[in-house]
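Student: Please put together the full structure from these sequences, using the hints given.
Throughout the sequence shown, residue numbering follows UniProt numbering, covering 1 to 154 in sequence.
No lab work stands behind these hints, which were simulated from the structure alone. Hints are supplied without guarantee of correctness; some may be wrong.
[What the hints assert, rightly or not] In silico DSS-like pairs for lysine-lysine, Cα to Cα no more than 25 Å straight-line:
no. : residue 1 : residue 2
1   : Lys63     : Lys108
2   : Lys113    : Lys63
3   : Lys108    : Lys120
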Amino acid sequence: MGIVRLVHSLRNKKDTLSRYLHAALFHELKSNHDKRLYFRFVIKSTLVGGVVYYSVHQGLWSKSEDSMQLYGRIYNNIAPYVKDNIPKEIINELPPLPSTSDFSNSLKSSWNKGVIASMKFLSETPTHVTTGVQNVSEIIRGYIEQQSVSEKNQ
1 MGIVRLVHSL
11 RNKKDTLSRY
21 LHAALFHELK
31 SNHDKRLYFR
41 FVIKSTLVGG
51 VVYYSVHQGL
61 WSKSEDSMQL
71 YGRIYNNIAP
81 YVKDNIPKEI
91 INELPPLPST
101 SDFSNSLKSS
111 WNKGVIASMK
121 FLSETPTHVT
131 TGVQNVSEII
141 RGYIEQQSVS
151 EKNQ
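Tutor: Shown next as structure tokens:
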């Protein structure tokens, strides 16, 4: 029975502490403008957290096959609404939604371009570092020479 009371008292203290911290933070927000900013931040961060959670839960950030299945589900769910609710003139001006195979090929191509660009940068890193060190040493050398000339003139 003593452990149950201890856990219950700790839970109450935690709730009290959390309420106290929220009240202290909210009390520090003197103006209504500060309170609105606080609530805007809370609402926006909650929305972003929800979107991230939902995207992880749906498989957007997992295997590429899961991402393709998610795109297929989105495509199948959105395409009828686009056809039914958007005027024909606008639909004719817009390009069609890419198919899952086109999207997959585009995704693979973009990924490969990113990998190639990253590897190129890594292979050229010694050249970039050497050029940067030379430029910095020239600037420092010029500054030292300028200081020595000004000291000689004094």
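Student: In ascending order, which of the hints set out earlier in this document are inconsistent with the structure?
Tutor: Hints that this structure does not satisfy do not exist here, as all of them hold.
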